[in-house]
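Peer 1: Take a look at the letters that make up each chain.
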Amino acid sequence: MISTLEHVNRLAKEKGPKKLAVLAPEDSEFMLAVKKSRDAGYIEPILIGDREKMKKVADEVGFDISAVEQIPEIDRQAVANLGTAMLFSGDVDMESKGQIPTSYIYRSIIKEESRAGTGRTISVISLWDIPDRNRFTSFTDTGVNIHPDHKAKAAVINNAVFLFHILGYPRPRISVLSGQREFGGTLPSYEDGKLLKEMAAAGEFGECEIVEATSFADFFLNRGEQLKSYQDIDLSNLPEILLVPSLDTGNILCKLDFFLDVNRRSLVMTSKGPALIPSRSDFCDSIMGEIAMGVVVADRLQEGVN
Amino acid sequence: MIGTFHDIIETARKEGAKKRVAAPSVTKEHIEILSEAAEANLIVPIMIGKGQDIEDAVKQTPLASLQYEILDEKDSLGALTRAMQMVKEHEADILMQGGVSQKAFIDSVLNGDKGLLTSKRASFVSIFQLLKRDKLILATDTFINSEPTLPEKQVILENALVLAGILEMESPKVAALASIEQVNPAIPSTLDAAILSKMSQRGQFGDVVVEGPLDIDCALDKNAAERKGLSSIVTGNVDIYLTPDIDVGYLLAQLLVFIGKMQMIGTVMGTSVPLIVNLPFVSRDNKVAEIALAALIHQRGARHG
Numbered sequence: 001m002i003s004t005l006e007h008v009n010r011l012a013k014e015k016g017p018k019k020l021a022v023l024a025p026e027d028s029e030f031m032l033a034v035k036k037s038r039d040a041g042y043i044e045p046i047l048i049g050d051r052e053k054m055k056k057v058a059d060e061v062g063f064d065i066s067a068v069e070q071i072p073e074i075d076r077q078a079v080a081n082l083g084t085a086m087l088f089s090g091d092v093d094m095e096s097k098g099q100i101p102t103s104y105i106y107r108s109i110i111k112e113e114s115r116a117g118t119g120r121t122i123s124v125i126s127l128w129d130i131p132d133r134n135r136f137t138s139f140t141d142t143g144v145n146i147h148p149d150h151k152a153k154a155a156v157i158n159n160a161v162f163l164f165h166i167l168g169y170p171r172p173r174i175s176v177l178s179g180q181r182e183f184g185g186t187l188p189s190y191e192d193g194k195l196l197k198e199m200a201a202a203g204e205f206g207e208c209e210i211v212e213a214t215s216f217a218d219f220f221l222n223r224g225e226q227l228k229s230y231q232d233i234d235l236s237n238l239p240e241i242l243l244v245p246s247l248d249t250g251n252i253l254c255k256l257d258f259f260l261d262v263n264r265r266s267l268v269m270t271s272k273g274p275a276l277i278p279s280r281s282d283f284c285d286s287i288m289g290e291i292a293m294g295v296v297v298a299d300r301l302q303e304g305v306n
Numbered sequence: 001m002i003g004t005f006h007d008i009i010e011t012a013r014k015e016g017a018k019k020r021v022a023a024p025s026v027t028k029e030h031i032e033i034l035s036e037a038a039e040a041n042l043i044v045p046i047m048i049g050k051g052q053d054i055e056d057a058v059k060q061t062p063l064a065s066l067q068y069e070i071l072d073e074k075d076s077l078g079a080l081t082r083a084m085q086m087v088k089e090h091e092a093d094i095l096m097q098g099g100v101s102q103k104a105f106i107d108s109v110l111n112g113d114k115g116l117l118t119s120k121r122a123s124f125v126s127i128f129q130l131l132k133r134d135k136l137i138l139a140t141d142t143f144i145n146s147e148p149t150l151p152e153k154q155v156i157l158e159n160a161l162v163l164a165g166i167l168e169m170e171s172p173k174v175a176a177l178a179s180i181e182q183v184n185p186a187i188p189s190t191l192d193a194a195i196l197s198k199m200s201q202r203g204q205f206g207d208v209v210v211e212g213p214l215d216i217d218c219a220l221d222k223n224a225a226e227r228k229g230l231s232s233i234v235t236g237n238v239d240i241y242l243t244p245d246i247d248v249g250y251l252l253a254q255l256l257v258f259i260g261k262m263q264m265i266g267t268v269m270g271t272s273v274p275l276i277v278n279l280p281f282v283s284r285d286n287k288v289a290e291i292a293l294a295a296l297i298h299q300r301g302a303r304h305g
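Chains A and B, in that order, are what the protein sequence lines are.
Residue numbers for the first sequence follow the working numbering, beginning at 1 and rising by one.
Residue numbers for the second sequence follow the working numbering, beginning at 1 and rising by one.
So that you can see chain A by itself, here it is in the shape it has in the complex (with noise of 0.2 angstroms):
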């Protein structure tokens, strides 16, 4: 079980480098994060973007690359199908966001996807790895869906499910959040909690188990308990997977490390391998941490698959 960003980044180490297309790195810190993450032997990286900005930022940041393969293109959208179809193709093992719109590499995705009839929809995971918890936990989906009805939080805890498998733990906790509380009627939040559950005991997800608690409170209190020391609060009942019940919920909690003493990394589990979505606003260590992760995910795959 792969359990804490310590052991992902040394496991990164030892597995790559991974093959990593990277769409539009136009930005230092960015390109920096691509840099080091060469350096540290995890990646191998394709740039694709605008030559002449790549250029710019990667002098910025010391960064040679007269020797890194480069693909010229500006159409953003284009960068995005052509990072994207090298995944598809086995070209590369994963990709990386950088200088572009999100909702691009999305549709790429979904084109890609629908292309090799795997019938899997996209959504993105927010892994959070907290101190002395020694156990990832995720919020999803932080990314892709607005408001997803429960046919689509199904899809979204099938992504989850999968990724979590692929990290060695064989029964994830999920957990479908909502602010219901015991009066002001029964939120949309919470009756879909109430659906997934039947699905779950269908087996319609795989080894995993949703569990009661739909709020932070009731992983650590019991009913009707109040809390009475902040040393009581046992971090080992907070579940692997936190089903989140919209992007505004999940893209306001997941990103709370920029607050607490917790680190994020985000990514959408495609049928191919991974894809990297770090926030516009991360930094370099954040996304070359991203990296990391995401060539552990692809070498898990990879190895599942062969």
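If you're looking for bench data, these hints aren't it; they were derived computationally from the structure.
Keep in mind it's a predicted model, so treat the numbers as computed, not measured.
One thing to keep in mind: the hints can contain errors.
Below 25 angstroms or equal to it, Euclidean Cα-Cα: the simulated PhoX-like pairs (lysine-lysine) are [what the hints assert, rightly or not]:
#1 Lys-228(A) / Lys-132(B)
#2 Lys-103(B) / Lys-28(B)
#3 Lys-228(A) / Lys-103(B)
Use these hints to put chain B onto chain A, whose structure you have.
Peer 2: Here is chain B on its own, set in the frame of chain A:
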């Protein structure tokens, strides 16, 4: 400046008048909390419920030698009705949920005709103490309103601004949160946030800056915001986080408590008197600060005039 929970307790104490707290159907645990607040010279508890049981429990606490009142009322809902009556007749200054169930309490106090609403809408504000410096931040609505519309969000914001004033926040900076910082017609929260931001720009909230939509990374981190091309005095220095709906608000508050280990207290704004609600994730250690906050709101709250 009021920067910590300790400051709240000290300020409430200094401002004098001990507040009368109407507390229906109290259990031993509530009585212990009330006793601590009375010992801190913040309140005089008026406990409504099974008289003999309350009397016996009081004797186990320092409250026994302090000022208190017991009103005998066997029935739980009857106790709540009586407590609300006292509030309406100005015989009590603060209402505590006590042993009344969440649903019964919230439904009764927020009832349009018979309840305690004064604002167009009541809302819940979480107050967090930052870990690294003496500053309080507010998040709202984290408990009461499920799916507020734009006019409702406006009231929720105005309610929070009243509290910001009581806590001496000068020119409060508000982040109207959404999933992204761009206005996207497909994401309703970004539209509401943009409109509130525009209203603030036109001075409709007074000396307040509302920035929105802001995603949480831009709200929390000035550098992150600048990488997204967003420059504002609000980013990285937010006083009030306005959440788009209850899924976000309720879960955000809990995540900050349980994973972020941040100390939190809360209060209901928009009612004729401050309310002390039983939220399971307000730690026992912070209940006296929560009562002190209610006392301070009553003392300073212009809305009660």
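Peer 1: Please verify whether Lys-228(A) and Lys-103(B) have alpha carbons no more than 25 angstroms apart.
Peer 2: Given pair Lys-228(A), Lys-103(B) holds - Cα atoms ~23 angstroms apart, limit 25 angstroms.
Peer 1: Mind checking the alpha carbons of Lys-228(A) and Lys-132(B) for me, to see if they're no more than 25 angstroms apart?
Peer 2: holds, 22 angstroms
Peer 1: Take a quick look at whether Lys-103(B) and Lys-28(B) sit within 25 angstroms of each other, Cα to Cα.
Peer 2: holds, 21 angstroms
When the structure is compared with the earlier hints, no violation turns up for any of them.
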